[in-house]
Structures are given as C-alpha cells and as structure tokens.
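Participant: Position one of the sequence shown corresponds to residue 1 (the UniProt record's numbering), numbered consecutively onward.
One or more of the hints may lead you astray.
To be verified - Derived DEER-like restraints, expressed as beta-carbon distance ranges:
(1) Thr231 <-> Leu79: 14 to 20 Å
(2) Glu87 <-> Gly132: 29 to 35 Å
(3) Arg76 <-> Gly42: 24 to 30 Å
(4) Gln172 <-> Glu51: 32 to 38 Å
(5) Lys21 <-> Gly132: 38 to 44 Å
(6) Arg85 <-> Ser185: 33 to 39 Å
(7) Asp46 <-> Val117: 21 to 27 Å
(8) Ala199 <-> Ala158: 25 to 31 Å
(9) Gly191 <-> Glu59: 20 to 26 Å
(10) Ala158 <-> Pro64: 40 to 46 Å
(11) Asp177 <-> Ala63: 17 to 23 Å
Since the hints were made in silico from the structure, they are not lab data. Backbone N, C-alpha and C fix where the C-beta goes; we use that ideal spot for every residue, glycine too.
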Amino acid sequence: MSKILIVLTGSDHWTLNDGTKHPTGFWAEELLAPLQVFSDAGIDVDLASPEGRTPVVDEGSLAPDAIGEEESAKQRKALDALAGRLESPLVLADVDLDSYDAVFVPGGHGPMEDLAVSDELGRILVSMLDGGKVVSSVCHGPAGLLPARRADGSWLFAGRKLTAFTDAEEEQAGLADKAPWLLESRLREAGATFSSGEAWAPFVVVDDKLVTGQNPASSTEAAQKVVGLLTS
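I would like the entire structure built from these sequences, with the hints used as guidance.
Facilitator: Shown next, in the form of structure tokens:
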C-alpha cells in the first residue's frame with residue numbers, strides 16, 4: 001500500500017518587508033481536501049513539520065465571509081478531528097524516506113517563512129524525486145521546492161514544469177506590496193518553467209512525477225493526480 005508524507009509549515013507568521021509578522025500558518029483546504037482524497041483512495045498519510053513543531057491553521061482560510069458559514073464549520077470540525085495528529089507531527093529531519101512513496105506540501109503563507117529555507121525539506125525532495133517517487137505541492141507550498149539542491153549545487157526543479165500561487169493572486173490578496181519576495185517570481189528566477197491558469201480557479205501541472213497546484217481551489221485535483229501516479 002502506498003504511503004504519503006505531508007509536510008506542513010511550523011510557522012505561525014510570515015515576516016513582511018517592514019519587519020512585521022503577518023499571522024498565518026497552513027491553509028485549511030490545502031490540507032483537508034488532499035487528506036480526504038488520499039483517505040478515499042486507501043492511502044496512509046503521515047504529517048511532519050520542521051522540528052516537529054505543531055502546525056497552526058491560518059484563520060483566514062476558515063473565514064465564513066470567504067468560504068461560507070457551512071464550509072467554515074465543516075472544515076473546523078475536520079481540523080478538530082485532526083487535532084491529536086497536528087499536535088504531534090513527525091520531526092521532518094527524522095523521517096524515514098524509505099517508508100513513503102510521495103511527499104505533499106500544502107500552502108498557506110507559513111511555508112514562505114520556514115519551508116522556503118528548510119535544508120531538511122530540500123534534502124527530502126531531492127531524495128524522493130531523484131529516487132523516482134512523487135513530489136507534490138499546492139499554492140504557497142511550492143516555496144518548499146526552493147531549497148532542493150543536489151550535491152553539485154544545481155536546483156532540483158530547474159527546467160521543470162510547475163505552478164504555484166501567482167504574483168497576480170498575491171496582488172489581489174493584498175499582500176504583494178508588503179511581501180519580501182513573491183513566489184512565482186522566485187520560482188521563475190530559480191529556473192522553473194512556470195505556467196498558470198485563471199486567478200483563483202483550479203489549475204494543476206503534472207511534469208512526470210512532479211505535481212503542483214496553483215491555489216487552494218487546485219488542492220483536490222492535485223491530490224487526485226498524485227493518487228493517479230501512485231496507482232498507475
């Protein structure tokens with residue numbers, strides 16, 4: 001049976017360019033929707049974070065005025081059911097990569113703070129992708145792709161087709177002018193072949209065993225593509 005490692009941010013803030021700390025964490029839908037897809041497919045999942053820190057949900061992802069009262073309540077209930085697992089994730093540096101067939105990195109702005117500079121995550125991604133396993137991520141989660149460098153210093157994803165939360169979406173979300181850097185721009189600068197769809201609409205890119213989704217709405221489809229790769 002396949003097994004997936006979900007790597008969550010351990011940060012509860014994103015440091016903006018004026019030094020202020022913007023409260024954040026992981027985006028609820030980007031964890032919950034994939035978890036449901038993986039569960040429906042009978043795939044086991046472990047959660048991990050840098051230093052085993054307890055991941056914090058970005059409250060903005062649960063705002064009733066953004067996703068509706070019913071959906072907000074539904075996601076809060078699902079997170080409550082996950083509380084025990086979220087309180088004690090695996091320590092990222094200690095995971096046994098031989099146990100997993102895929103890694104999935106949800107977004108939220110938290111990854112911009114810690115996963116984007118995590119050498120531990122970088123090492124895991126290099127080992128997984130070069131080992132023929134599936135690497136997947138959604139929205140701001142692809143910030144975690146940035147530290148993945150091989151021993152010769154080359155970036156693991158140079159020339160690879162991928163997507164992530166776009167600069168335009170960051171502008172529409174109101175944080176672009178406060179951001180110390182923008183994810184789309186950074187991925188392009190690093191050498192990715194970046195593409196995107198309509199803002200806020202589902203858009204997923206599959207490049208061999210690399211699966212990336214543009215935004216929260218892409219979470220379910222990205223997870224489905226991962227399942228497809230694992231079961232094909």
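Participant: Against each hint, give a clear statement of whether it holds in the structure.
Facilitator: Here is how each hint holds up against the structure:
no., hint, result
1, Thr231 <-> Leu79: 14 to 20 Å, "27 Å, violated"
2, Glu87 <-> Gly132: 29 to 35 Å, "33 Å, holds"
3, Arg76 <-> Gly42: 24 to 30 Å, "26 Å, holds"
4, Gln172 <-> Glu51: 32 to 38 Å, "33 Å, holds"
5, Lys21 <-> Gly132: 38 to 44 Å, "39 Å, holds"
6, Arg85 <-> Ser185: 33 to 39 Å, "34 Å, holds"
7, Asp46 <-> Val117: 21 to 27 Å, "23 Å, holds"
8, Ala199 <-> Ala158: 25 to 31 Å, "26 Å, holds"
9, Gly191 <-> Glu59: 20 to 26 Å, "35 Å, violated"
10, Ala158 <-> Pro64: 40 to 46 Å, "42 Å, holds"
11, Asp177 <-> Ala63: 17 to 23 Å, "21 Å, holds"
Violated hints, in rising order: 1, 9; the structure is consistent with all others.
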